[in-house]
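Just so you know, the protein sequences line up as chains U and S, in that order.
For the first sequence, my numbering assigns the number 68 to the initial residue and increments by one for each residue that follows.
For the second sequence, my numbering assigns the number 41 to the initial residue and increments by one for each residue that follows.
Careful: at least some of the hints might be erroneous.
[Stated by the list, open to error] Below, simulated EDC-like cross-link-like pairs (lysine to aspartate or glutamate); rule was C-alpha separation at most 20 Å, straight line:
#  : chain 1 : residue 1 : chain 2 : residue 2
1  : S       : LYS158    : U       : GLU138
2  : S       : LYS47     : U       : ASP262
3  : S       : LYS51     : U       : ASP72
4  : U       : LYS119    : S       : ASP142
5  : U       : LYS92     : U       : GLU239
6  : U       : LYS169    : U       : ASP226
7  : U       : LYS268    : U       : ASP72
8  : U       : LYS241    : U       : ASP269
9  : S       : LYS302    : U       : GLU138
10 : S       : LYS107    : S       : GLU271
11 : U       : LYS315    : U       : ASP298
12 : U       : LYS197    : S       : GLU271
13 : U       : LYS119    : S       : ASP305
14 : U       : LYS286    : U       : ASP262
15 : U       : LYS200    : S       : ASP142
16 : U       : LYS119    : U       : GLU95
17 : U       : LYS82     : S       : ASP305
18 : S       : LYS47     : U       : GLU160
19 : S       : LYS89     : S       : GLU271
20 : S       : LYS51     : U       : GLU154
21 : S       : LYS55     : U       : ASP298
22 : U       : LYS77     : S       : GLU271
23 : S       : LYS229    : U       : ASP235
24 : S       : LYS55     : U       : GLU154
The hints are simulated quantities; they were obtained by calculation from the structure and are not laboratory data.
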Amino acid sequence: MITLDGLTKKFSNGKGLFNIDLYVKKGEVYGYLGPNGAGKSTTIRHLMGYIKPTSGSATINSLNCWRNAAEIQKIVGYLPGEIGFLEGLNGLEFLKLLSGMKNMKSTKVRDALIERFQFDVNTPIRKMSKGMKQKVGIVAAFMNDPEVLILDEPTSGLDPLMQRVFIDLILEEKSRGKTILMSSHQFQEIERTCDRVAIIKDGSIIAQENVHELQKKQKKVFEVTVADEKDIQELKNSGLSISNISGKQVLIEVAGDYNHFLRAIANVNVVALNTRNLELEELFMHFYERKEVM
Amino acid sequence: MSMPLFKAMFKIHGKNIFSYAFGAVMYQWLIIWIYPSIAKSSGMNDLLKSMPASIQRAFGLQSGFEKIGGFLAGEFYGLLFVLILIIFTVMISIQLISRLIDNTSMAYLLSTPVSRSKIVITQISMLLFGLFVICGFTAVGGLMGISFLIKNPIIDEQAFIQLNLIGFLLFMVVGGYSFLISCSMNDEKKAVGLATGLTVVFFALNLVSKLSEKLSWMKNITIFSLFNPQEIMKGNVAILPISMGLFLSAVLLFGISIVVFKNRDLPL
């Protein structure tokens with residue numbers, strides 16, 4: 068559905084995108100991760116037809132994103148990373164403008180979204196908080212029920228509750244067969260929603276991974292705090308992979324075999340038990356660091 | 041042309057347009073209202089005649105104040121009309137495109153199936169609509185003011201309409217290059233600076249070219265020399281070629297604006 072084929076953009080300052088290849092299947096949710104300035108938004112601008120590639124191409128539904136920019140918008144919903152609205156309108160007037168330009172007949176989806184994100188659409192745009200503007204942007208992107216959604220850092224500015232509402236919305240759209248590309252530096256929302264993920268740094272994709280595979284392969288790290296030295300000795304003898312011991316806290320890495328882990332800790336006096344919920348993040352740190360060394 | 045966009049733009053700029061239009065007409069009426077007292081005092085005409093010819097030419101005072109049309113051409117169209125429209129035209133041209141690029145709201149407009157060309161054409165229509173309203177107001181308002189406020193006025197109505205028409209066409213050209221600047225630049229402030237600077241230079245060249253014979257060649261490098269209110273009122277100007285020239289230049293500039301905007305990278 069979305070294809071980037073050797074997409075290259077060279078800016079005069081030497082930055083840009085270098086030979087990006089990426090393919091998002093129909094019905095897939097694709098995460099696009101990277102630190103600030105890595106080229107996430109630049110990639111998305113190509114998909115929206117705002118900038119022309121130096122070489123290579125971006126296509127959506129087999130239409131060239133630069134040459135057929137207007138045509139593509141019929142099936143695309145877009146949430147920009149930067150939120151700037153027309154001054155002098157309120158939220159509803161702005162949404163009406165966009166629904167008019169999108170030739171929308173019904174306001175049902177729009178009204179349901181407004182209800183869902185709970186904000187006052189009649190607020191003048193210049194009086195809106197960042198989170199509120201983000202909500203208006205989300206409604207604008209989803210309101211014409213587009214087949215393809217391109218979301219640039221969609222949860223920035225939203226409070227945790229609304230981030231949840233948003234993730235639910237993404238999962239719903241996914242179950243309805245939508246193709247979604249979203250950029251983020253929030254690992255959690257990517258992990259919860261995406262099928263695959265690409266990691267970009269300095270204008271190049273340094274990894275593409277299947278999130279489900281990744282989760283299966285990923286080691287979990289448990290922080291087990293025990294009562295005394297004897298317990299630590301017992302854990303050491305149990306055959307578990309222990310990565311670190313500090314005082315009475317033992318870090319145990321578990322890959323798949325949870326029963327073994329449970330049996331072993333059942334034999335000791337456990338005072339506290341925590342999991343570290345950083346799997347993807349740790350993986351990405353690993354990628355970033357490796358790149359840094361190179 | 042996109043109607044929903046035009047309506048939204050009207051919502052944003054409409055108030056401004058009508059303020060300029062009403063403001064211009066009010067000022068016009070004020071001048072019409074004081075005309076009888078000035079026309080009666082022969083001292084004023086003598087004072088004008090005593091000024092150096094170059095100053096009279098530069099500020100459009102050479103025909104004296106014997107006719108209301110000439111008075112209005114000199115006192116309103118010679119300076120204030122031009123200043124009001126310079127401010128309006130430059131500001132709205134920049135706000136219609138460059139501001140939307142600068143504050144990235146253009147991203148939303150372009151995320152709809154309305155093409156870039158259609159968006160620019162809509163914005164150009166808004167600019168032309170604004171100019172038309174202001175010049176229409178001054179044309180109709182001026183004639184109304186004269187017939188209400190002056191007893192037995194002697195006025196060449198056709199020339200007065202032509203005066204407003206040439207004013208409209210002149211500012212179509214000013215709007216044309218301001219729009220081109222607006223379409224080419226990312227930074228709103230720089231765009232305002234460039235468009236204002238260029239216009240001020242054109243305006244000053246016209247003023248200076250009239251002050252001295254030696255500098256009169258300067259009238260060839262400014263468009264403002266084509267707008268000569270007093271001469272138009274006297275019927276000494278060939279309206280058709282000037283109108284056509286201004287109109288075609290404006291169309292060309294708007295055409296280039298569309299092409300530039302269509303083919304450029306937008307930092308949205």
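The hints, checked one at a time:
{"no.": "1", "hint": "S:LYS158 <-> U:GLU138", "verdict": "13 Å, holds"}
{"no.": "2", "hint": "S:LYS47 <-> U:ASP262", "verdict": "42 Å, violated"}
{"no.": "3", "hint": "S:LYS51 <-> U:ASP72", "verdict": "42 Å, violated"}
{"no.": "4", "hint": "U:LYS119 <-> S:ASP142", "verdict": "19 Å, holds"}
{"no.": "5", "hint": "U:LYS92 <-> U:GLU239", "verdict": "17 Å, holds"}
{"no.": "6", "hint": "U:LYS169 <-> U:ASP226", "verdict": "29 Å, violated"}
{"no.": "7", "hint": "U:LYS268 <-> U:ASP72", "verdict": "18 Å, holds"}
{"no.": "8", "hint": "U:LYS241 <-> U:ASP269", "verdict": "30 Å, violated"}
{"no.": "9", "hint": "S:LYS302 <-> U:GLU138", "verdict": "14 Å, holds"}
{"no.": "10", "hint": "S:LYS107 <-> S:GLU271", "verdict": "13 Å, holds"}
{"no.": "11", "hint": "U:LYS315 <-> U:ASP298", "verdict": "9 Å, holds"}
{"no.": "12", "hint": "U:LYS197 <-> S:GLU271", "verdict": "56 Å, violated"}
{"no.": "13", "hint": "U:LYS119 <-> S:ASP305", "verdict": "6 Å, holds"}
{"no.": "14", "hint": "U:LYS286 <-> U:ASP262", "verdict": "19 Å, holds"}
{"no.": "15", "hint": "U:LYS200 <-> S:ASP142", "verdict": "17 Å, holds"}
{"no.": "16", "hint": "U:LYS119 <-> U:GLU95", "verdict": "26 Å, violated"}
{"no.": "17", "hint": "U:LYS82 <-> S:ASP305", "verdict": "15 Å, holds"}
{"no.": "18", "hint": "S:LYS47 <-> U:GLU160", "verdict": "10 Å, holds"}
{"no.": "19", "hint": "S:LYS89 <-> S:GLU271", "verdict": "18 Å, holds"}
{"no.": "20", "hint": "S:LYS51 <-> U:GLU154", "verdict": "10 Å, holds"}
{"no.": "21", "hint": "S:LYS55 <-> U:ASP298", "verdict": "79 Å, violated"}
{"no.": "22", "hint": "U:LYS77 <-> S:GLU271", "verdict": "56 Å, violated"}
{"no.": "23", "hint": "S:LYS229 <-> U:ASP235", "verdict": "42 Å, violated"}
{"no.": "24", "hint": "S:LYS55 <-> U:GLU154", "verdict": "14 Å, holds"}
This entry does not satisfy hints 2, 3, 6, 8, 12, 16, 21, 22 and 23, going by the numbered hints stated previously.
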